[in-house]
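Residue numbering for the sequence shown follows this note's numbering, beginning at 1 and increasing consecutively.
Hints were generated in silico from the structure; no laboratory data involved. Among the hints, erroneous ones may be present.
Lysine to any residue pairs mimicking SDA-like chemistry, simulated, CA-CA at most 25 Å apart [said to hold, decoys possible]:
hint, residue 1, residue 2
1, K456, E603
2, K683, H74
3, K785, H74
Simulated DEER-style distance windows between Cβ atoms [stated by the list, open to error]:
hint, residue 1, residue 2, range
4, A750, V509, 26 to 32 Å
5, A722, G30, 28 to 34 Å
6, G30, D384, 54 to 60 Å
We put the beta carbon where it would ideally sit given N, CA and C, even for glycine.
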Amino acid sequence: MRFKLLLSLAIAWVSASAYALDGQILDAYGGAVSDAQVRVVGKRISTSTDEQGYFKLDIDTAAELHVSAPGFVHQTIRLETNELENTQRIVLTQSVIEQVDVIGIPLHASNIESAMPIDVLSGEELRRKQAATLGDSLAGEVGVHTNFHGNVASTPIIRGLSGPRVLITQNSLDVSDVSRVGPDHSVSAEVSTAEQVEILRGPATLFFGSGAIGGVVNVVDKRVPTDTDTRGEWLLSRDSVNDQNLASFNLNTGADSFAFHLDGFWRDSDDYEVPVSPDIDEPDSDERTVENTAEESNGFTIGSSYILDNGYLGFSYGRLDRDYGIPGHGHGEEEEGHGHGEEEEGEEEEVALELEQDRYQVISELVFDHSIISGLNTRLGYTDYTHTEFEDNAPGTTFTNETGEVKLELLFQPLADWHGGIVLDYKTSEFSAIGEEAFAPPSDTDTFAIALLEEKHFGEVLLQLGARIEHVNISSDEVAISDVEFHGHGDEGEGEGEGHGEEEHEGEVFSFDEDYTPFSLSIGAVWDFTPGYNIGVSLSHAERAPSAAELLSFGPHIATNTFEIGALFEAHEEGGETAFEPVENTPEMEESNNIDITFRKFEGDVGIIVNAFYNQIDNYYAQFDTELFAEVGHGHEEEPGSEASEEEEEEGEELPVFLFQSADASLSGVEAQGVWQINEYFKTTAHADYVRAKLDDGGNLPRIPPMRFGLSLDYVYQQLSANLSWTHYSDQDDVATLETETDGYNWVNANINYSIPFGSMTTIVFLKVENIGDEEARVHSSFLKDIAPRPGRNFRLGIRGTF
């Protein structure tokens with residue numbers, strides 16, 4: 001009897017402390033919104049609405065509800081405890097701009113609600129734009145271009161910045177390849193199996209560290225599943241321009257408390273075709289193929305999670321194998337004509353790259369009903385990356401990168417309505433390059449960081465604050481000044497091996513060990529000044545330690561056809577001879593002060609997003625031409641008994657010497673996008689972007705993308721959807737010293753999809769036509785623009801299914 005009485009009292013207490021919150025989601029006309037997602041911010045409590053728009057949640061205290069539905073503006077609603085017993089009527093307004101939440105950062109954000117400019121590619125749009133490389137997949141996004149490296153190894157350029165200033169992550173952890181070291185190195189993240197791709201424009205150093213001073217691209221997949229729902233996707237396609245075949249799939253399922261994930265892809269392609277001679281210096285050539293651009297790639301991922309009442313804990317393993325040719329990477333030789341006294345161009349060595357990567361991840365997200373801590377997100381990653389460059393099937397240079405990373409996001413319960421947390425991030429990377437073209441020595445980079453992030457609503461204004469401090473250690477025991485001959489060219493009689501100021505270094509090896517302490521600070525605000533409109537302002541100070549390659553390089557980088565020397569060295573002249581020696585003072589950090597202003601109109605049939613930015617960067621690290629040349633290998637000696645004179649002996653390849661130096665620079669620009677839902681069937685989008693990048697002392701930064709603008713038209717009717725897009729790339733004549741101008745071009749694409757429901761699966765047959773005008777399109781930001789334009793007209797036919 002006593003036990004029954006205690007049990008009754010306990011049930012009565014729980015009933016008095018918990019509320020079954022009833023609500024209904026409606027549109028602006030009073031219609032029910034079905035399948036809307038309703039979740040409690042900071043807790044693993046969520047549900048979806050039924051066909052009449054009703055939902056029910058169990059809540060025991062004041063809470064914030066986040067409500068989202070496709071085609072509607074998201075809403076965040078604060079409910080006090082005394083309001084929980086009341087039935088909630090929540091009205092969502094329609095938006096022509098699809099609002100997508102960002103997964104890769106610890107605080108809630110979307111492309112509409114953040115002070116920082118954000119883009120998210122997902123769903124049908126991601127599948128329509130995906131290409132063989134990450135850079136080419138994102139090349140059409142506002143403010144994002146590609147360094148297009150012959151269709152095989154392209155990386156994103158955000159607002160004119162790339163390389164060590166733009167971080168590529170997978171599920172918020174560094175992809176840990178070597179794509180930031182050279183343009184011919186492929187990004188290891190695969191788009192065909194991704195769920196969405198998030199682009200954070202401008203400094204994202206608070207969330208990801210100093211390597212994100214220019215922006216972040218985060219590739220999100222479900223390799224560590226978060227629930228046991230069964231769903232999947234598969235795709236088959238064929239491209240005509242390079243005979244590419246692609247197959248990919250991903251599957252999530254589960255039983256009881258265990259969730260499972262499996263994905264994989266296979267891609268095979270030949271050299272791609274172009275509408276003109278690929279070599280701009282040989283316009284009369286009949287060649288219409290960019291040689292050595294074939295690729296064969298495959299990969300898979302397996303993952304599993306244990307689902308808890310307050311979160312999940314999961315593990316994944318991924319394997320990637322990619323073999324591809326490197327156009328423009330071979331070393332052509334000129335052979336003396338025998339008996340005719342004329343020169344003939346010898347065959348160029350075929351250079352290929354074989355990439356292997358093993359990637360392990362442990363990811364956990366937990367929420368707590370603690371008085372101080374509301375959640376803990378844990379991400380651990382380990383990546384073992386290797387690629388070997390082969391010349392005529394003989395192994396040459398081998399690059400390796402072994403990286404471990406631990407990231408902890410500790411989230412706090414609201415304090416005086418401030419939401420936020422602390423991020424702890426540790427990353428260690430062991431890089432090495434061994435071989436004839438190892439322009440950078442083996443090095444270790446260790447980074448530890450702590451960041452504080454907070455935000456609070458003040459009426460219609462959301463204030464976002466953040467600060468991050470890092471400790472970066474860069475060390476190497478094998479920094480080398482190579483045996484190499486430098487010379488300058490005289491004003492007259494220039495030719496290989498002629499000139500003055502020749503100096504041949506004797507080999508020298510020494511150690512380097514240096515610490516940096518980058519500090520970043522940001523304040524941002526989003527003001528919803530009237531329904532359907534907001535203005536975002538972000539001010540930030542970001543610092544970046546120079547990368548090991550920027551500091552320690554000393555060797556030929558054949559992918560860029562230059563001899564690279566790091567900022568750790570400086571030139572000295574003595575007796576008319578030039579030599580490079582270590583600098584006396586350690587190179588300084590890069591410091592950036594930035595302002596972003598964003599205007600958004602997102603309700604109704606017309607949507608507008610305009611971003612304007614200005615970045616002042618002190619100690620901007622860039623490569624500057626020294627007007628010297630280096631004699632490197634790949635020559636050959638005359639055979640015994642040859643009658644050629646000493647002057648006729650062939651010398652090694654001659655490369656211009658570029659030295660990493662720091663200089664003050666400024667980048668400014670504007671990005672704009674407008675969307676108009678004309679009627680039920682048609683929607684049109686206009687877009688434009690422009691960036692101006694200058695050195696403060698005069699001159700322009702190299703390989704800055706040109707201004708572009710364009711239009712697209714979408715059509716949807718029942719099971720049929722279609723898209724037609726046109727983008728104009730302007731001439732680029734704001735060029736750096738010794739850089740050539742690039743002509744503009746028009747890029748026109750079209751695609752058509754037909755959806756076929758089949759039980760619980762939806763199958764889509766699609767046709768995409770790229771470069772309809774078959775235009776000569778040379779990418780100004782590409783190192784290969786003069787020998788590898790973008791592909792000619794391409795037809796892609798495929799079928800994909802979702803379930």
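Could you grab the alpha-carbon distance between K683 and H74 and see if it respects the 25 Å cut-off? Since the Cα atoms of K683 and H74 sit roughly 21 Å apart, the hinted pair holds (cutoff 25 Å).
Pair hint K456 and E603, alpha-carbon separation not exceeding 25 Å: 24 Å, holds
Is 26 to 32 Å respected by the C-beta to C-beta distance linking A750 and V509? 57 Å, violated
Going straight from one Cα to the other, do K785 and H74 come out at no more than 25 Å? 43 Å, violated
Note whether the CB distance of G30 and D384 lies within 54 to 60 Å or breaks it. 58 Å, holds
That 28 to 34 Å hint for A722 and G30 (C-beta), does it hold up? The hint (28 to 34 Å, Cβ to Cβ) holds, given that A722 and G30 are roughly 32 Å apart.
Going down the numbered hints, you'll see the structure goes against 3, 4, while the others check out.
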